[in-house]
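Protein chains: 2
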Amino acid sequence: MVPPVFTSSPTEYRPDENSEEECAPITPTTKGSSFLFDSSILADEIVGHVPNGLRVRPLHIDDYDKGFLHVLSQLTSVGEIDRSSWEWRFRSMQRTIPSTYFVCVVEELDSTRVVGAATLVLEWKFIHSAGSRGRVEDVVVDESMRGKKLGVLLNDVLVRLAKQMGVYKVSLECNDKLIPFYEQFGYKKDAGNNFLVQRFDGHSKM
Amino acid sequence: MVPPVFTSSPTEYRPDENSEEECAPITPTTKGSSFLFDSSILADEIVGHVPNGLRVRPLHIDDYDKGFLHVLSQLTSVGEIDRSSWEWRFRSMQRTIPSTYFVCVVEELDSTRVVGAATLVLEWKFIHSAGSRGRVEDVVVDESMRGKKLGVLLNDVLVRLAKQMGVYKVSLECNDKLIPFYEQFGYKKDAGNNFLVQRFDGHSKM
Numbered sequence: 001m002v003p004p005v006f007t008s009s010p011t012e013y014r015p016d017e018n019s020e021e022e023c024a025p026i027t028p029t030t031k032g033s034s035f036l037f038d039s040s041i042l043a044d045e046i047v048g049h050v051p052n053g054l055r056v057r058p059l060h061i062d063d064y065d066k067g068f069l070h071v072l073s074q075l076t077s078v079g080e081i082d083r084s085s086w087e088w089r090f091r092s093m094q095r096t097i098p099s100t101y102f103v104c105v106v107e108e109l110d111s112t113r114v115v116g117a118a119t120l121v122l123e124w125k126f127i128h129s130a131g132s133r134g135r136v137e138d139v140v141v142d143e144s145m146r147g148k149k150l151g152v153l154l155n156d157v158l159v160r161l162a163k164q165m166g167v168y169k170v171s172l173e174c175n176d177k178l179i180p181f182y183e184q185f186g187y188k189k190d191a192g193n194n195f196l197v198q199r200f201d202g203h204s205k206m
Numbered sequence: 207m208v209p210p211v212f213t214s215s216p217t218e219y220r221p222d223e224n225s226e227e228e229c230a231p232i233t234p235t236t237k238g239s240s241f242l243f244d245s246s247i248l249a250d251e252i253v254g255h256v257p258n259g260l261r262v263r264p265l266h267i268d269d270y271d272k273g274f275l276h277v278l279s280q281l282t283s284v285g286e287i288d289r290s291s292w293e294w295r296f297r298s299m300q301r302t303i304p305s306t307y308f309v310c311v312v313e314e315l316d317s318t319r320v321v322g323a324a325t326l327v328l329e330w331k332f333i334h335s336a337g338s339r340g341r342v343e344d345v346v347v348d349e350s351m352r353g354k355k356l357g358v359l360l361n362d363v364l365v366r367l368a369k370q371m372g373v374y375k376v377s378l379e380c381n382d383k384l385i386p387f388y389e390q391f392g393y394k395k396d397a398g399n400n401f402l403v404q405r406f407d408g409h410s411k412m
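Quick note, the sequences are listed as chains A and B, same order. Take 1 as the starting number for the first sequence in this note's numbering and just add one per residue. Take 207 as the starting number for the second sequence in this note's numbering and just add one per residue.
Simulated from the structure, these hints should not be mistaken for lab results. Don't be surprised by glycine CBs; every beta carbon is placed ideally from N, CA and C. Some hints could be false.
Just some of the chain A residues that point at chain B, by a computed CB distance under 7 Å [said to hold, decoys possible]:
# : residue
1 : ASP82
2 : SER85
3 : GLY151
4 : PRO180
5 : GLN184
6 : VAL197
In silico DSS-like pairs for lysine-lysine, Cα to Cα no more than 30 Å straight-line [said to hold, decoys possible]:
#  : chain 1 : residue 1 : chain 2 : residue 2
7  : A       : LYS177    : B       : LYS383
8  : B       : LYS394    : A       : LYS177
9  : B       : LYS375    : A       : LYS177
10 : A       : LYS189    : B       : LYS395
11 : B       : LYS375    : A       : LYS163
12 : A       : LYS169    : B       : LYS394
13 : A       : LYS189    : B       : LYS272
14 : B       : LYS395    : A       : LYS177
15 : A       : LYS169    : B       : LYS383
16 : A       : LYS188    : B       : LYS395
17 : A       : LYS188    : B       : LYS394
18 : A       : LYS169    : B       : LYS375
19 : B       : LYS375    : A       : LYS189
20 : B       : LYS272    : A       : LYS188
21 : A       : LYS177    : B       : LYS272
22 : A       : LYS189    : B       : LYS394
23 : B       : LYS383    : A       : LYS189
24 : B       : LYS395    : A       : LYS169
25 : B       : LYS375    : A       : LYS66
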């Protein structure tokens, strides 16, 4: 995946690597870790039953080589992400305080490949006593693993995780045919509330 | 506003104040600033025309005493936020790298009161070449200032800001009667896409 592609904006800032190592605040639980967030958060009571041969864990820095982006590409446009961009995005997500990005993956133990992924993103607020709301994003299961209810597994994990994080609500966007699927996790179509969007990339639907 | 109310979660972490002062990475443009983000981002071409006697600026740490929370309370439940919680939330938003929270306010110059507010939140992604999507949140104008098109002003600012930040899309949720209002800024109801939600606080609608 070349050439390097960085997101750029006037406020995006890459600290000097040395000073980052010395000074960047990393949550104590992830300091020095290669997991995106403390893997102990995905305790048994959050993860529930996982089929034999699989495990649910946080995204890992090495998942660049383990098919995570290939799985995401079955959902929408991934574009070009070289290793440097990958590491920068991963570390910037990992460094958030309070923690904001909970990318969970399903790993096939034999192959160590990522075969499913889903993200809980928290938005920290002033409202609701400086609370947070959660959003479920980028839920996808590898085509080779469909029909095994891994989507159910991932969604169950994310709802339990959102509750544990203390969000006052969790939401997602889904197309018409997926409404019954998501209702099983407790979501309801918000009567009278509408999702409005405008796109600037000219082609994508996600 | 007492007693102190903190959001708490297993991963929320308050760094030691001294080490935070020395080490927390603050975007160069906001380092030492009391604005939430670099105020030069709200350049004339982003802000557009502002009625006499008002200005649009980033949220400021002193807005705790200038009516910002009172304005928000006209939108939804604010709850109890003491000064310590306020400062913690403000600084955690300010510290995000890449910048994530763009809370813009309308200030009445004579009174120095906040009379309107709106937030652009960025979610940083792996998809779309490690791009970002934007969301417009918590748009509200003080009841004393309604009818002056300050909601239009704030929404225009946020759409231009989102474009400048390079998001691949920007979205919002709104109730049925506000769809025509938001269409003027370029938003469209996403045909076949639905907003699903579940709430854990037992009462709120936002």
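Under the constraints set out in the numbered hints, which ones does this structure not fulfil?
1, 3, 4, 5, 13, 20 and 21
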